[in-house]
Every structure is written in C-alpha cells, then in structure tokens.
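Take the given structure of chain F and dock chain V to it, following the hints.
Here are the chains, one letter per residue:
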Amino acid sequence: MHELSLCESILQVLEQQATAQQYTKVKTVWLEIGALSGVEPEAMLFSFDVVTIGTLAENAKLEIIEVPGQAWCMACAGNVVVEQLYDVCPKCGSHQLQVNNGDQMRIKELEVE
Amino acid sequence: MCAVCGCGEGHSHSHDDDHEHTHDHSHEHRHQHVLSPVHSHAPGLTPARMVQIEQDILSKNNRYAAENRSYFSARGMLVLNLVSSPGSGKTTLLTETINRLKDDIDIAVIEGDQQTARDAERIRATGVQALQINTGKGCHLDAHRVGHALESLELNKHSLLFIENVGNLVCPSAFDLGEAHKVVILSVTEGEDKPIKYPDMFHAADLMILNKTDLLPYLDFDTEQCIQYAKQVNPRIKILSLSAKTGEGMESWLRWLKAELDLQRIDYA
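Line by line, the protein sequences are chains F and V.
Just so you know, the numbering used here puts the end of the first sequence at 169, numbered straight through with nothing missing.
Just so you know, the numbering used here puts the end of the second sequence at 274, numbered straight through with nothing missing.
Among the clues, some could well be false.
Unchecked claim - Here are the simulated lysine-lysine pairs, DSS-like style, with alpha carbons at most 30 Å apart:
(1) V:K263 with V:K250
(2) F:K81 with F:K164
(3) V:K107 with F:K117
(4) V:K107 with V:K162
(5) F:K164 with V:K65
(6) V:K236 with F:K147
(7) F:K147 with V:K142
(8) V:K65 with V:K162
(9) V:K236 with F:K164
(10) V:K65 with V:K142
(11) F:K147 with V:K202
(12) F:K147 with F:K83
(13) V:K142 with V:K162
(14) F:K83 with V:K65
(15) F:K117 with V:K236
(16) F:K81 with V:K65
Derived by calculation from the structure, the hints in this document are not laboratory data.
Computed from a predicted model, the values in this text were never measured in an experiment.
Only chain F is shown next, with the shape it has when bound in the complex (with noise of 0.2 Å):
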C-alpha cells in the first residue's frame, strides 16, 4: 500500500513547483501510470484526495491515464503488448520478454490557477 507514499512524492512536486511556476491552487493533476508500474489506480485515488486535504491541492481532481504494458520479445525480435509481468509473448508464446514500456508512474501535467 505504498501509494500512500507515492501520493505524498506528487504532493512534495506539486508544492516545490508553486513557488517557480506562480500558482496557489491546483486544480487537475495528470499522472501516467503504466500497467506494469505496480501501482494500483484505486487506491492512487483513494490516498490522493486523504493526503491533500488542507493542501494547495485540496479537491484537486486526480487524472490518471494508463498506459499499456510493452515488451521486447526476443524471439519475434517485435514490440508486443502484455498484461503482466509474467504474461507470455501473445504471438510465439515466448517467456523471453524484455519491459520497455508501461512500468512508468509519472506527473505530466497541471491545471492550475
């Protein structure tokens, strides 16, 4: 349950950034979280709105945009799309998946006033 934690790392970012970028109140906060990132979209949402209570992002609205899982397979020497970590090339079968994409937790934008 470290997305308590994690939400407390957005929280950090987004009162550093007040100061250089001249806001007072965040309105929207948009994250990437991969499928594969091991963080779990509920309870981001959950622990967001419990940790920016009384803060410059109180009632601020939590945009999450998943985005999907991508592995190298070795043997198709292609990109494929995988679910899981431990999900098998969906074209040859292959365990031999390298993660290039998806495992990434990330701020990409604000809204702010």
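Same frame as chain F, now just chain V:
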C-alpha cells in the same frame, strides 16, 4: 535537448552530491513549460492554466539512490537489498552468511522493520555492525532513510553491506536504494506460485534464493515449477537453492557473494 518539446533551453540540472570523488552523475532534467491558458475567463478572475511537469513520481527517491550508489562505488563496496515476505528466513540466512565470511570480509547490515530492534540485535551477536531502521507505519525502506543510515555506520573500502528490507513482497520492489542487486528470498513453505502472485518483486530482483530446502521432504513444494514461474516473470533472474539452517547449498551463495564483491573492486577508467 529537451525531451518534452525539443527545445535546447531551460535545463535545470540538479547536482546535489558534494562527494570528493569523481563518478557518474545521474542527471535529472526537469523542464517546465507554462502553456497558454486553456479556459477563457472573465476579467478579474484568476486564470486557470496548464503546467507541464513531466516528472517521475519516484524522482526524489531516485536522486537519493544515485547519491547512495556513488558513495558505494567510490568505496568499491558491494551492497545488496534483501527483499522477501516476513518469515522467509532473511535474518537467519544473514547470520549464517556473516559467520562464514566475517573473518575475510568487512560486513555491515542495515535492518529495516516496522518495529523493534530484534533483528539488528541478532546481527550484532555475530560481531558485525548493524543499524536498525524502524519504518513505523511505512511498508518499505527508501533511499533517503538509507542515506542517513550510512552516516551512522563506519563503512570500509571493499566492504559488504546487506540492507534487509521490510518483510513485504510488494512495496520494496519500487524503491531503489542504490544497491547493486536486489536479492529476493523465498522459503519453500510459502508455496511455489509466489513469483507469479507477486511478480513485481521477482521482476526487480537479479538473484532469487530458495531457502529452507531442508523442509522439502515434508512439503508438496514443486521446485521446478517455482523456478519456471520465476523465470517467466524475469527471464534474467538467477536462482540458488539452499538451507541456511543445515548449510546445504550455502557454498554457491558465498561464491556468488565473493564474485560480486570482486566485481565491485575493479577500478574502471
């Protein structure tokens, strides 16, 4: 070059490390672009606007991890992050390992648990330095806490540092502490399907230790199936099976440790 929009300006590199040695820096590029307002608004109202941030949520942890890593590399240390569920036998494996190596290698241990200093006391009983970090409600160690722990330890050149993470097969997988390798320990009493039930951890680890093999005769544990599951999640993972209690298989683990320590001692140009 800015990865966001292709501009060549506005880079803010943060070099927080003030080490006396040279090392590879990990550069954190943070760009902020203030875009034009997206909403039309009545005069006098504060305009809402968009700010593009493109910042990894774990970037703060990763910066601390990079500092830890350069601290370790400047000392030619081998640092391992030991992860597992509670009760896999991490501390017993550690005490048995330390007893076999402490005459030849400088060893220190950082112990992470939610509460109590019991594990650090068990390690200190072997005669090596151990520092306990209590995470309180926290479910994992982070690079910042480990960085502070380093201040209280006397770490020698070419020493071996074990970081025993909080017993948890989920959260510690996401937090880099600056270690050379994550080593996941799985005891045979936990069942062979743990690698596919908790894939993030087995994906993040470079070595898996199958512990408590002395109990295999009493269990229905399918070792081959377990290894297959682990390789399915992480084709690169190396697997050792041993019993820290009887000592069976310990030799390969000690050989791996010595070889990895030797690799850290290489002075690269």
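Hint by hint, here is what the structure shows:
no. : hint               : in the structure
1   : V:K263 with V:K250 : holds, 21 Å
2   : F:K81 with F:K164  : holds, 17 Å
3   : V:K107 with F:K117 : violated, 54 Å
4   : V:K107 with V:K162 : holds, 15 Å
5   : F:K164 with V:K65  : holds, 16 Å
6   : V:K236 with F:K147 : holds, 19 Å
7   : F:K147 with V:K142 : violated, 44 Å
8   : V:K65 with V:K162  : holds, 27 Å
9   : V:K236 with F:K164 : violated, 33 Å
10  : V:K65 with V:K142  : holds, 20 Å
11  : F:K147 with V:K202 : holds, 23 Å
12  : F:K147 with F:K83  : violated, 43 Å
13  : V:K142 with V:K162 : violated, 34 Å
14  : F:K83 with V:K65   : holds, 23 Å
15  : F:K117 with V:K236 : violated, 40 Å
16  : F:K81 with V:K65   : holds, 22 Å
Hints 3, 7, 9, 12, 13 and 15 from the list above are not met by this structure, while the remaining hints are.
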